[in-house]
Amino acid sequence: MKVLIPSALRSYTERSQAEAQGATLAALLLDLDRQYAGIRFRMVDEQDRIRRHIRIFVNGVQAGDLAQPLKENDEIIIVQALSGG
Amino acid sequence: MATPKKPAARKPFAAKRRTIVFVATRKGAWLFHGDAARKTWKTDGPHFLGHVISHMVLDPRDGKTLLAAAKTGHLGPTVFRSVDMGKTWKEAAQPPAFTKEAEGEKGRSVDHTFWLTPGPASEPDVWYAGTSPQGLFRSTDGGINWKPFSSINDDPQFREWMGSAQDGTPDGPKLHSVIIDPRDSRHLYIGMSGGGVHESTDGGRTWKTLLKGLDVVEGFGFDPAQPTFHDPHCIRLCPSNPDRLYQQNHCGIYRLDRPSDTWIRIGKSMPKKVGDIGFPMVVHPRDDDTAWVFPMDGSGVWPRTSPDGKPAVYGTRNGGKTWQRMDSGMPARQAWWTVKRQAMSADSAASVGLYFGTTSGELWLSRDEGKRWACIARNLPEIYAVETATL
Numbered sequence: 001m002k003v004l005i006p007s008a009l010r011s012y013t014e015r016s017q018a019e020a021q022g023a024t025l026a027a028l029l030l031d032l033d034r035q036y037a038g039i040r041f042r043m044v045d046e047q048d049r050i051r052r053h054i055r056i057f058v059n060g061v062q063a064g065d066l067a068q069p070l071k072e073n074d075e076i077i078i079v080q081a082l083s084g085g
Numbered sequence: 086m087a088t089p090k091k092p093a094a095r096k097p098f099a100a101k102r103r104t105i106v107f108v109a110t111r112k113g114a115w116l117f118h119g120d121a122a123r124k125t126w127k128t129d130g131p132h133f134l135g136h137v138i139s140h141m142v143l144d145p146r147d148g149k150t151l152l153a154a155a156k157t158g159h160l161g162p163t164v165f166r167s168v169d170m171g172k173t174w175k176e177a178a179q180p181p182a183f184t185k186e187a188e189g190e191k192g193r194s195v196d197h198t199f200w201l202t203p204g205p206a207s208e209p210d211v212w213y214a215g216t217s218p219q220g221l222f223r224s225t226d227g228g229i230n231w232k233p234f235s236s237i238n239d240d241p242q243f244r245e246w247m248g249s250a251q252d253g254t255p256d257g258p259k260l261h262s263v264i265i266d267p268r269d270s271r272h273l274y275i276g277m278s279g280g281g282v283h284e285s286t287d288g289g290r291t292w293k294t295l296l297k298g299l300d301v302v303e304g305f306g307f308d309p310a311q312p313t314f315h316d317p318h319c320i321r322l323c324p325s326n327p328d329r330l331y332q333q334n335h336c337g338i339y340r341l342d343r344p345s346d347t348w349i350r351i352g353k354s355m356p357k358k359v360g361d362i363g364f365p366m367v368v369h370p371r372d373d374d375t376a377w378v379f380p381m382d383g384s385g386v387w388p389r390t391s392p393d394g395k396p397a398v399y400g401t402r403n404g405g406k407t408w409q410r411m412d413s414g415m416p417a418r419q420a421w422w423t424v425k426r427q428a429m430s431a432d433s434a435a436s437v438g439l440y441f442g443t444t445s446g447e448l449w450l451s452r453d454e455g456k457r458w459a460c461i462a463r464n465l466p467e468i469y470a471v472e473t474a475t476l
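Those protein sequences? They're chains V and W, same order as listed. According to my numbering, the first sequence is numbered sequentially starting from 1. According to my numbering, the second sequence is numbered sequentially starting from 86.
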């Protein structure tokens, strides 16, 4: 499925859009990490929590955790929250 | 502990060797390449523009492995590695990360790697890392993969001493000053802000506290035997005498001569109006009686500025019995910057070069062990760390 990548993570993907698969958000991020090593840990910590300034939307709705099921044609958008100065 | 056995003092480097200064900042990293005389400097950077770089260290064992501890405000932490002096960088395959807790438990996550220490000469690819919140990690492959020290990171007693995020420094509690005894790779020291000073003689399997003689934060009758109340800012081991350590603490400047386990507050001989509070401490590469500090204002609400807006290095040539103010070339007044704990270091030239980076983004150099100072770079972001290498 299509994954839109924020600018802060394009050093990994080198483009704004990637393709990844998974029955859950957790599986999708693991697939993304297989393709772009290191990208997952910048978004998800070692306790499998989505990091504080990262938001992941599935078909426009914010995902609460990594257990969220996904369907084949879902669109995933990863954004960095606006904060700081 | 074994009877002190002095290692051969490092020889001053030959005239034609060049110095590189590695500057880590809140917004990226820079390398400054100096000529043999340390008179002209070529700027290389920024590297990682926009990333918070807490520390950047060149491996003195191979002269080419360069590690940088990085994070951004929005992304998780990582460690970058270069073997071509920063021309290209590759991310660690497994950056420092705490052990995952069981489902339902609230585990810790590394906010940033704060401190990097290359291992001893006898262990060529070993590195240590200290993190925020406090954690100790080790790599055995030159910084590519990092594993946690469970003896600290998961130990209930250490966790109690560390406290919560509210108990740490304003930028988060930190494990720092990871020191390896050059005579014995199993003999380690660490500092925790807060959480005190600790020592291991079995490679980090077990630890004991090293707190005797240290004053306690704020006084108030807190038990000085409790690590929770201690805040070492920077600990240094003398390369010419590994049985001598110096420490800049939240509560003064100290010296420890092993095998004693009692720190002596040598900062009491600092001028009263300046005090002995600060962050960095630097030791001479060949003379264990010589060390330098950069005092800051730790009064009242802790402004963390140069005392009275008059920055100065203070140096001792006699193990802390007396201190000399060294501010020639620095602003005489109205300079309210200070120097963080990793942002001051020395090279190993015959006339030792001292370097410090300021919270206002200036890089300063003395080519004569602190007598005269010159600013060699301005307008950088807030400087977090300054390290040097001679090649």
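Keep in mind that the hints were calculated from the coordinates and are not lab data. Warning: the hint list may mix true and false statements.
Listed next, the in silico DSS-like pairs over lysine-lysine satisfying Cα-Cα at most 30 Å (straight line) [unchecked claim]: (1) LYS71(V) with LYS185(W); (2) LYS127(W) with LYS191(W); (3) LYS297(W) with LYS191(W); (4) LYS172(W) with LYS185(W); (5) LYS2(V) with LYS175(W).
No experiment lies behind these values; they were computed from the predicted model shown.
Fill in: Restraint check for LYS172(W) with LYS185(W), where alpha carbons must lie at most 30 Å apart
Status violated; Cα separation ~35 Å.
Worksheet item: Is the hinted pair LYS297(W) and LYS191(W) satisfied, with a Cα-Cα distance of at most 30 Å?
Response: Given that 30 Å is the threshold and the Cα spacing comes to 34 Å, the pair is violated.
Practice prompt. Quickly compare the C-alpha distance for LYS71(V) and LYS185(W) to 30 Å and report which way the hint goes.
Written response: Holds, because 28 Å separates the two Cα atoms, which is no more than 30 Å.
Worksheet entry | Restraint status (C-alpha distance of LYS2(V) to LYS175(W) at most 30 Å) | Status holds; Cα separation ~27 Å.
Practice prompt. Given the hint that LYS127(W) pairs with LYS191(W), test it: the Cα-Cα distance must not exceed 30 Å.
Written response: Not satisfied, since the Cα-Cα distance of roughly 48 Å exceeds 30 Å.
Hint check: violations occur at hints 2, 3 and 4; the rest are consistent with the structure.
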